[in-house]
Amino acid sequence: MSKEGQIIKIAGPLVVARGIPRARMFDVVRVGKERLIGEILEIRGDNASIQVYEETGGLKPREPVESTYQPLSVELAPGILGNIYDGIQRPLDLIKAMKGDFISRGIELPAIDHEKEWNFKPRVKEGKEVVAGDVLGVVQETEIVEHRILVPFGIKGKIKKIREGKVKVEDTITVIRTREGKEKEVSMLQRWPVRKMRPYKKQLNPEEPLITGQRVIDTFFPIAKGGTACIPGPFGSGKTVVQHQLSKWVDADIIVFTACGERGNEVADVLREFPKLKDPKTGKSLMQRTILIANTSNMPVAAREASIYTGITLAEYYRDMGYNVALMADSTSRWAEALREMSGRLEEMPGEEGYPAYLPSRLAEFYERAGKIICLGRDERKASLSTIGAVSPPGGDLSEPVVQATLRVVRVFWALVAELAYQRHFPAIHWLRSYSLYLDDLKGYFAREVAADWMDLRRRAMALLQKEDELRETVRLVGLDALSNQDRIAMETARSLREDFLQQFAFHPIDTYTSIKKQYLMLKVVLNYYDECLTALKKGVVLKDLTSLPVREDIAKVKYIPDKEVEREMEKINQKLKAEVSELITKTGGTV
Amino acid sequence: MRIKEYTTVKELTGPLMLVDKVSDVSYEELVEIELSNGERRRGRVLEVTSEAALVQLFERATELGVKGAQIKFLGKGIQLGVSEDILGRVFDGWGRPRDDAPPIIPEERLDIGGRPMNPEARAYPIEFIQTGISAIDGLNTLSRGQKLPIFSGAGLPHIQVAAQIARQARVLAKEEEFGVVFAAMGITFEEANFFVTDFERSGAIEKTTLFLNLADDPVIERISTPRMALTCAEYLAFKKGMHILVILIDMTNYAEALRELSAARREVPGRRGYPGYLYTDLASIYERAGRIKEKEGSITLIPILTMPDDDKTHPIPDLTGYITEGQIILQRNLHQKGIYPPINVLPSLSRLMDEGVGEGKTREDHRELSNQLYAAYAQGMEIRELALVMGEATLSEMDKKYLQFADEFEQEFVSQGENEDRKVEETLDLGWKLLKMIPTPELKRVRDEFIEKYGHRDSKEE
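Chains as they are written, first to last, in my numbering: chain D, 1 to 592; chain F, 593 to 1054.
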């Protein structure tokens, strides 16, 4: 029997090969003379169907196919952070250095630098008993991230030897003697198949929010650390800006940004912007905590399918060290389309709109890899992986299969709406159509860390926005004059909520991020305005004077006040509000 | 390359031909078919197995039978021969000269499929291109290296708009090598001729390369036409350091050709019968626009498509919008009002605007002014709708001001002559002039200092 199989058919990214010895499902194979990377998707007798991660133009029947007998895996070791990879973890900067400005085929490159020396500091002593997940030692991977080297899965025993100081990722750092008396050599480099979830000890209920600095999200539709969210929106509704804002500002330790089948220029934008941005906590470049996976729309479609898994496996790896990790996937629709394309070429029976019937279960599997957990190991480290997926529904139609399947598994829904974008209301997340199922889990945190009346304010604000929607209907039918003065004030307050609170300008240096404390104060001042007005109305003040209070301009500009000054300034605004309303009341002859 | 010849045609269905008993044929290889009368036609390998090759024909299958034809596999993919002489020439959709001049002597032959640009090598487009059209320059700017499509409808003047952009586009304060590559897919002779005449009139024809696949040319050839054009553009931009504007018209015809091919192959259809890979396929065209770090040239791409039934959610505009960096939308009711260019600025968008405008690029007030104009026009439009239902009598004084603003914004700002080339400063000043209709406290999107500096408001008007 020969060592290799032979191509017998080529149709786009799908290649059929005959006679690969000991072919197994999902093993990675090398296809053709150029050794293109592919993965076995189907085996029928002696024939294996292979999805090829690179362009197949020029391939011929009878070219060789060789199996690596490994599933599609990623390399895990220090040196991942700050990198930009394609969908199967090949570093794009090295590809550029090797092949120039355009990507060619058959490139074999290690994902991380195997020659670089790291300063390894052991955290366990010789003779200590360790189990899988225990921290063996650390290296400072970037200025802001300490990379923890863990005992690999399936190993348990006593440390026989451990090194210290300069090591390369493939060097043995420790020898562990197992109970059976075997000696296992462990290096910093591990491999993990991307389609397999990395294990943990226990899953916990999420109870802490992932703070994003985006007011409509944190205050109205928060996501928990370890939670899942989706952002569906038609094109032009600002999906990408929201995703970028989140990757810049979320309070996670590690960010994995997967650009899956999206625009090349957007990736260029991230690459240009992120190194310039500073991590608010440490003042160092954000790139130092970021991993980018970029498989743009014109890069091979099969690698796009893999890119989501590559991203989440890297995210899980850092989660296992005890970090809070956030994964952004933009866009899962392009991933689903890649799935559809491969399914079509395999001639599988199509489900809805040509998508394969297993689309919902694949999506569920993906989102279920998020969560707040206790890591393996004896120290019971807590960690989380939060997943935020963008969806690009055709024509903005939310009834299409990808959105529907996603909504069944995620717990936060940020509804981007084109009409809001046309009105230049950004972020164009609709306050009445979005939801978060984490509110109950998180209310304890907000009451404890921000203010006891947080949930109450939020509820009142939502009620006003809801009311505005109903009142608008009335206005449309019978005109503004038909409303009572109380309702007119409710409308005005809701407008203020929309314009002064919900709208947030991503490109303004201060408005781009709002601390949770400031969000609270901002919400409070708007509702104070409402309360004061209602009191004043009762005392006979005319509506027009209340809607044209000079203090309203101050309220509108709160968003531009830097965090440090906000408490003091807000005090002033609240006093001014009181003073102006009192004056009106006195003028109409009432008592304050 | 060894050329393999066969006469073993087994099946002919639509634009597909199955050739039996072949060997050593590669995927996407170019095929030449010689009929018994000596006529030559072309095709490409779509699928290949150890025994047979499925060939996509680029021309009619008429007179082709299972017997009598010689099938040659040429051992290479579809290529375009390029040299600097390519400028000023007219080709068909397949890259053969359509003018009376002889074929060019190629400096090199390039595969038209192109290779994906490494995202790491991309330079972000930041240079503002002045098109001289206010609705674009003021509110939806075009940048060098951007892909900005025009969504139009049947009977709307997208051709005039595209020709005007091609004529007037310039980068401020720069004199550089500049060229146009124009690809026509399935448009009529008159439409194509409009461009040619226009380019001749402005003298741009010498810096223009045209690839014309007209309405009566082979449909399947349309699949190669945009790729020919972009291959030519890549050569001029990244090998010769030129700044190239590529116009592709009409992408709807292109997508229909793709659908025809997909149906002939009996593939599982996605939305409205278009193949599931329409997004990926369109991306392989649109994503070829861009700039490369440390390189001179650029490709700016303006695809034009007609939305079937003016429907923006139709798969072709929809998927295009997801790939391109914004869109310029032409609207029928503006056209009917006699407004040229009939650009509806509200659903139009340029994603790269934030980087292209501002101090040192256009003017410091540009971003905020454009936001303010948008907001005021959007409000005016909302009131216009309200007035339709309730009658103008119910409108407040403020409402009336917004309504008037919306009208004049369309008449003066959006509307302009086909040959009117407005400087960006003129566009911005015009915007400020119109904003005088709106009282100052309403102007929430612009800074007070800008209102003072550019607003030219006298206190009487307040």
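Since the hints were made in silico from the structure, they are not lab data. Note that the Cβ used here is the ideal one computed from N, Cα and C, for glycine as well. Incorrect hints may have been included.
Said to hold, decoys possible - Output of the computed footprint for chain F on chain D, the stretches with three or more beta carbons under 8 Å from beta carbons of chain F:
| no. | stretch |
| --- | --- |
| 1 | 102–115 |
| 2 | 213–225 |
| 3 | 258–271 |
| 4 | 350–361 |
| 5 | 492–500 |
To be verified - Short derived list, chain F residues pointing at chain D, Cβ under 8 Å:
| no. | residue |
| --- | --- |
| 6 | Leu622 |
| 7 | Glu626 |
| 8 | Asn629 |
| 9 | Arg632 |
| 10 | Glu639 |
| 11 | Gln671 |
| 12 | Gly673 |
| 13 | Arg707 |
| 14 | Tyr716 |
| 15 | Phe786 |
| 16 | Ala856 |
| 17 | Glu879 |
| 18 | Leu938 |
| 19 | Leu941 |
The hints, checked one at a time:
Counting residues of the stretch 102–115 of chain D whose CB lies closer than 8 Å to any CB of chain F gives 3, which reaches the minimum of 3, so the coverage claim holds. Counting residues of the stretch 213–225 of chain D whose beta carbon lies closer than 8 Å to any beta carbon of chain F gives 0, which falls short of the minimum of three for the stated coverage. Check result for the stretch 258–271 of chain D against chain F: holds, 9 residues qualifying (beta carbon to beta carbon below 8 Å, three or more required). Here's how the stretch 350–361 of chain D fares: 3 of its residues keep a CB closer than 8 Å to some CB of chain F, so the rule of at least three is met and the hint holds.
Interface restraint, the stretch 492–500 of chain D with chain F: violated (1 residues with C-beta to C-beta distance below 8 Å; minimum three). Taking 8 Å as the C-beta contact cut-off toward chain D, the hint placing Leu622 of chain F at the interface is violated, the least distance being around 11 Å. The beta carbon of Glu626 of chain F comes no nearer than 23 Å to any beta carbon in chain D, farther than 8 Å, and the hint placing it at the interface is violated. For Asn629 of chain F, the shortest C-beta to C-beta distance to chain D is roughly 31 Å, which exceeds 8 Å, and the interface hint is violated.
About 23 Å separates the beta-carbon of Arg632 of chain F from the nearest beta-carbon of chain D, more than 8 Å, and the hint is not met. At its closest, the beta carbon of Glu639 of chain F sits 4 Å from a beta carbon of chain D; the interface hint therefore holds under the 8 Å criterion. For Gln671 of chain F, the interface hint is violated, since its Cβ never comes within 8 Å of a Cβ in chain D; the closest pair sits about 12 Å apart. Restraint check, Gly673 of chain F versus chain D: the minimum CB separation of about 19 Å is more than 8 Å; hint violated.
Because the beta carbon of Arg707 of chain F sits about 4 Å from the nearest beta carbon in chain D, less than 8 Å, this interface hint is met. The beta carbon of Tyr716 of chain F is positioned within 8 Å of a beta carbon in chain D (closest approach about 5 Å), and the interface hint is therefore held. Interface restraint check: Phe786 of chain F against chain D, minimum CB-CB distance 30 Å, threshold 8 Å, status violated. Interface restraint check: Ala856 of chain F against chain D, minimum CB-CB distance 14 Å, threshold 8 Å, status violated.
Against a cut-off of 8 Å between C-beta atoms, the interface hint on Glu879 of chain F holds, since the closest Cβ of chain D lies about 4 Å away. Taken as an interface hint, Leu938 of chain F checks out: its beta carbon lies about 5 Å from the nearest beta carbon of chain D, inside 8 Å. With a cut of 8 Å, the hint placing Leu941 of chain F at the interface with chain D holds, because the nearest CB-to-CB distance is about 5 Å.
Hints 2, 5, 6, 7, 8, 9, 11, 12, 15, 16 from the list above are not met by this structure, while the remaining hints are.
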